[in-house]
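Below, each chain spelled out in residue letters.
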Amino acid sequence: MVDLGLDNAARPPSRWIAGLRRGGSRLWVGAALVAVLVLVALAAPLMAPHDPLEQDLMSAQLPPAWSSGGDAAYWLGTDSLGRCVLSRLIYSARTAVAVALIAATLAAAIGIALGLIAGSFGGWIDQLTSRLIDVWMAFPPVLLSIVLAAVIGAGLTSVIAAIVVVDWTRFARVVRAETMVQLKRDYAAAARAIGLGRGGILRLEILPNLVPLVVTLLAVEMGIAILVEVILSFVGISVAGDTPTWGGMIAEGRQIVYQAPWIMALPIVCIILSVIGFNLLGDGLRMLLDPVQRR
Amino acid sequence: MTAALTVHDLHVAIGHRRSAANVLRGASLEVRAGEVRGLVGESGAGKSMLGRAVLGLLPANAVITGGTILFEGRDLVAMGEPERRGLLGRRIALIPQDPMTSLNPVKQVGAQIAALLRHHLALSKRDAFSRAVELLEEVAIREPRRVLQLYPHEMSGGMRQRVLIAMAFACDPSLVIADEPTTALDVTVQRQVLQLVERLRQRHGAAILFVTHDLGVVAKICRTMTVLQAGRVLEEGETADVLAKPRHPYTRALLAATPRADRPAEALRPVPQALIENLWAEAYRLDRQSAAATS
Amino acid sequence: MRWGEIIRRLVLIPPTLVGVAVIVFVLLRVVPGDPIAMMIPPGATAADIERLRAFYGLDQPILQQFFTWFGQVLSGNFGRSISVHQSVFELVRARLPATLELALLATLLAVGLGAITALIGIRLRGQRVEWLVDGGVGVFLAIPDFLWALILLLLFGVLIPLLPISGRIDPEIDITLHSNFYLLESLVTGRFGIANALLHHMILPAVALALPFSALLARILKASLAEAEDQDYAQIARARGYSRPRILLREVFPNALIPTVALGGVQITLLLGGTVLVERIFSYEGIGNMAIDAVINRDFPLIQGLILTFAVLFIALNLAVDLLVTLLDPRLRHG
Chain A
4 MVDLGLDNAA
14 RPPSRWIAGL
24 RRGGSRLWVG
34 AALVAVLVLV
44 ALAAPLMAPH
54 DPLEQDLMSA
64 QLPPAWSSGG
74 DAAYWLGTDS
84 LGRCVLSRLI
94 YSARTAVAVA
104 LIAATLAAAI
114 GIALGLIAGS
124 FGGWIDQLTS
134 RLIDVWMAFP
144 PVLLSIVLAA
154 VIGAGLTSVI
164 AAIVVVDWTR
174 FARVVRAETM
184 VQLKRDYAAA
194 ARAIGLGRGG
204 ILRLEILPNL
214 VPLVVTLLAV
224 EMGIAILVEV
234 ILSFVGISVA
244 GDTPTWGGMI
254 AEGRQIVYQA
264 PWIMALPIVC
274 IILSVIGFNL
284 LGDGLRMLLD
294 PVQRR
Chain B
1207 MTAALTVHDL
1217 HVAIGHRRSA
1227 ANVLRGASLE
1237 VRAGEVRGLV
1247 GESGAGKSML
1257 GRAVLGLLPA
1267 NAVITGGTIL
1277 FEGRDLVAMG
1287 EPERRGLLGR
1297 RIALIPQDPM
1307 TSLNPVKQVG
1317 AQIAALLRHH
1327 LALSKRDAFS
1337 RAVELLEEVA
1347 IREPRRVLQL
1357 YPHEMSGGMR
1367 QRVLIAMAFA
1377 CDPSLVIADE
1387 PTTALDVTVQ
1397 RQVLQLVERL
1407 RQRHGAAILF
1417 VTHDLGVVAK
1427 ICRTMTVLQA
1437 GRVLEEGETA
1447 DVLAKPRHPY
1457 TRALLAATPR
1467 ADRPAEALRP
1477 VPQALIENLW
1487 AEAYRLDRQS
1497 AAATS
Chain C
86 MRWGEIIRRL
96 VLIPPTLVGV
106 AVIVFVLLRV
116 VPGDPIAMMI
126 PPGATAADIE
136 RLRAFYGLDQ
146 PILQQFFTWF
156 GQVLSGNFGR
166 SISVHQSVFE
176 LVRARLPATL
186 ELALLATLLA
196 VGLGAITALI
206 GIRLRGQRVE
216 WLVDGGVGVF
226 LAIPDFLWAL
236 ILLLLFGVLI
246 PLLPISGRID
256 PEIDITLHSN
266 FYLLESLVTG
276 RFGIANALLH
286 HMILPAVALA
296 LPFSALLARI
306 LKASLAEAED
316 QDYAQIARAR
326 GYSRPRILLR
336 EVFPNALIPT
346 VALGGVQITL
356 LLGGTVLVER
366 IFSYEGIGNM
376 AIDAVINRDF
386 PLIQGLILTF
396 AVLFIALNLA
406 VDLLVTLLDP
416 RLRHG
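For the protein sequence lines, the chains are A, B and C, in the order given.
Sequential numbering from 4 applies to the first sequence in my numbering.
Sequential numbering from 1207 applies to the second sequence in my numbering.
Sequential numbering from 86 applies to the third sequence in my numbering.
Careful: at least some of the hints might be erroneous.
To be verified - Here chain C is said to cover these stretches of chain B; the calculated rule only asks that three of the stretch's residues, wherever they fall, bring their Cβ under 8 Å from a Cβ of chain C:
{"#": "1", "region": "1260 to 1271"}
{"#": "2", "region": "1402 to 1413"}
Unchecked claim - Below, in silico cross-link-like pairs of lysine to any residue (SDA-like), each with a Cα-Cα straight-line distance of 20 Å or less:
{"#": "3", "chain 1": "B", "residue 1": "Lys1313", "chain 2": "C", "residue 2": "Ser168"}
{"#": "4", "chain 1": "B", "residue 1": "Lys1451", "chain 2": "B", "residue 2": "Gly1422"}
{"#": "5", "chain 1": "B", "residue 1": "Lys1331", "chain 2": "B", "residue 2": "Gln1314"}
{"#": "6", "chain 1": "B", "residue 1": "Lys1313", "chain 2": "C", "residue 2": "Leu417"}
{"#": "7", "chain 1": "B", "residue 1": "Lys1313", "chain 2": "C", "residue 2": "Ala311"}
{"#": "8", "chain 1": "B", "residue 1": "Lys1313", "chain 2": "C", "residue 2": "Pro339"}
{"#": "9", "chain 1": "B", "residue 1": "Lys1313", "chain 2": "C", "residue 2": "Asn382"}
{"#": "10", "chain 1": "B", "residue 1": "Lys1313", "chain 2": "B", "residue 2": "Ala1268"}
{"#": "11", "chain 1": "B", "residue 1": "Lys1313", "chain 2": "C", "residue 2": "Leu413"}
{"#": "12", "chain 1": "B", "residue 1": "Lys1313", "chain 2": "C", "residue 2": "Ser368"}
{"#": "13", "chain 1": "B", "residue 1": "Lys1313", "chain 2": "C", "residue 2": "Leu198"}
If you're looking for bench data, these hints aren't it; they were derived computationally from the structure.
Bear in mind that the values here come from a model prediction, so they are computed numbers and not experimental data.
From the three backbone atoms N, C-alpha and C, an ideal C-beta is built for every residue, glycine too.
Construct all of the structure, not just a fragment, from the sequences and the given hints.
Quick look at the structure:
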């Protein structure tokens, strides 16, 4: 018996632990940021010091509490109408998370459905869907969402519709490609050999393999949804009325940027942290789930 | 006269300290000026590593742990980078294994040859190109001027290998390392390539270290040969002697496994597994002995 | 042959544009939102409103409206803007050069910055500081162009007032230029004073547009360089006595450029799309800015014209990128 010197070889760690290590710091940092965001959104009524809609014109445009002229009652200052900036930031997180969740899920649902259809049926159905995707992607996305939101009118529905309509193609393209690849793989042929119909194959074989891909895309999509919502708010066609949104605060802040720069700067920080959080989460998830599935 | 290449007691290890594996275990060989020495062994025997070590092109995780490599009396291991770069491609050249991937795909072959000539010999553009034409004629490429304008993907594998041979001999090297140059070619092309290499060697007076696993090739072109296994030299000498009266059981086994025109195919016997295992076991034992000796 | 595919793409352009036109048209008509209602002055009678509606042809059935508009488009008439009362064609023609110049400047900046970053990154390959480059690129990539615009506006326009934050040029400066390509024309005719003033206004929006794109290019290029450097021909180049910098620049770079242009070039349409918001943020008078106003005012003819313009630009850019890839990769040319 040959001594191959394997005594010192390390025992392979469990797959999940290896995966978590692979996900690396990105996964944790991303998850932490997203968790904080969701927490703030859920606990808004408990966390906000003031009513975000309450105006106090005597205390308009106050700088943050730590700078000269600031007021301890308003930690991050007030806007032109005397509304508490901190409270508005917190409640804006609520809107952002709500929009992100709903819009991303809807976009995913539509995109995945169309992608599966195109990828598994092939032929002229695939051609038609691909043409549709191409035409859709010839639109400038920002413009398209602005057009949609403008014509549908202000409100949460239009924002969500705009995001979904613009970005479902992201899911569709990827799912279509992946479906086509998976269908060519051996296990799909094996499934066909034992008599599984197309629907069965999709459900039992393809969908489970798409899960890691979709989860990653969802995380990215939520980051994008937040950005689109910000854009629409900035342009003035997002949720109605006084409802605080980061984009709306930026738009107001832009007007008085020389006098009260913090009103524009603070929402930007919130947005950046949220988007980076979703991106890192998506990256970490991809690194975690991909190699496990593909090897 | 100083030998073209002297390798003495070379030790090369791969990997990090804990899981380091020895690839070369005290290998020694000598190639005299103008000599053609074959370096034979199975895959994993370490022959490519030896060639790479001579060229100073070991992979990032490999390191020379002992021994010397002298080129015309100069120490290659201790040499500084700029000095080595002056030698490589000029006085020491490489004929690589895979002609399909060894040429830059986006440059015309003429440009690649000329660049080499201008880099080492400081020729003018015009002189470099006419020299390139001469080189292509030496390797029996018809219509050299037309071929200079071609891209690698427009040429057959055999033609690409000729270009690589031409590039190896371009600057009149004293040592050429041929790393299994015929392995990726089919048999009819192999013969032509071997004839070419021999002819060029005679014209330029170079010494050749011919790395191969094919004893037939060694018999045809190599005056002397060295048998390498598990990083150790098992046998060496004049090819005619070694092949006629092999001393080491491994050499004998290799011969028995090599197809010959004067022997029926049924007489072929693969190298016995037990023999190989024993040789590896011996090698590992030597490793542990030397590790114990140094610690 | 690759050229055949290019011809095929060219042939597919008109149907794609028609598709775009149809979708836009339908979307605008089918969903609620009445442009006439937005522009009526107080005190208008019902008859006035009807006359206005008829003037813009909005009282006809939708299908008829579409064919009327389409027919006009084919003869070069893009209609009249409802909010600005000028020919859509003239409006677009007046503002398009501004956006094109901005996009061009941004692209040049992005390509330069991206290439330098990638080369630095590949130089540091395998060393500890490499993650710094990768991390920096990741952050720059995550922040979209309009956020960069806001950040740059805050930093260099307000907090450290270095640069102007609105308009294309100071109103006081006298411009007697023939075309609307202010920057190009002033550079070509040697009016460097004007060019300087123009650049002062363009630099912040251009950098905002360029940063995410440059990060994307840097990431793709660095990955391509790394992959190409591991290929056989690059390793064998070392056996020829070439130094690593030489191999990176002269052997590996031309190869790495191909996937970079293929993957990254496609994203250049994102840069163009970004002009919509960035121009708005800096009050820069290009078609992006105009588009937002058009939408807010429900100015159908202008919206249609602008979306068609963007679509044409997108398609042209994609085609140009594909042509560039064919030029760079000799393997694609010979089929």
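Hints, verified against the model:
1. Remark: the region 1260 to 1271 of chain B is confirmed as covered by chain C, as 3 of its residues place a Cβ nearer than 8 Å to a Cβ of that chain, reaching the required three.
2. Chain C is given as covering the region 1402 to 1413 of chain B, and this is violated because 0 residues of the stretch bring a CB closer than 8 Å to a CB of that chain, at least three being needed.
3. A distance of roughly 56 Å separates the Cα atoms of B:Lys1313 and C:Ser168; the hinted pair therefore is violated under the 20 Å criterion.
4. For the hint pairing B:Lys1451 with B:Gly1422, the CA-to-CA distance comes to about 16 Å; that is within 20 Å, so the pair holds.
5. At roughly 15 Å between alpha-carbon atoms, B:Lys1331 and B:Gln1314 fall within 20 Å of each other, so this suggested pair holds.
6. The straight-line distance between the Cα atoms of B:Lys1313 and C:Leu417 is roughly 13 Å, inside the 20 Å bound, and the hint therefore holds.
7. Using a Cα cut-off of 20 Å, the hinted pair B:Lys1313 and C:Ala311 holds, with the two alpha carbons roughly 19 Å apart.
8. Note on B:Lys1313 and C:Pro339: the hinted pairing holds, with a Cα-Cα distance of about 9 Å set against a maximum of 20 Å.
9. Among the hinted pairs, B:Lys1313 with C:Asn382 is inconsistent with the structure: their alpha-carbon atoms are about 55 Å apart, more than 20 Å.
10. Between the alpha carbons of B:Lys1313 and B:Ala1268 the distance comes to roughly 31 Å, so the proposed pair goes past 20 Å and is violated.
11. With a C-alpha separation of about 10 Å, the suggested pairing of B:Lys1313 with C:Leu413 holds against the 20 Å cut-off.
12. Under the criterion of a C-alpha separation no larger than 20 Å, the hint pairing B:Lys1313 with C:Ser368 is inconsistent with the structure, at around 47 Å.
13. Note on B:Lys1313 and C:Leu198: the hinted pairing is violated, with a Cα-Cα distance of about 26 Å set against a maximum of 20 Å.
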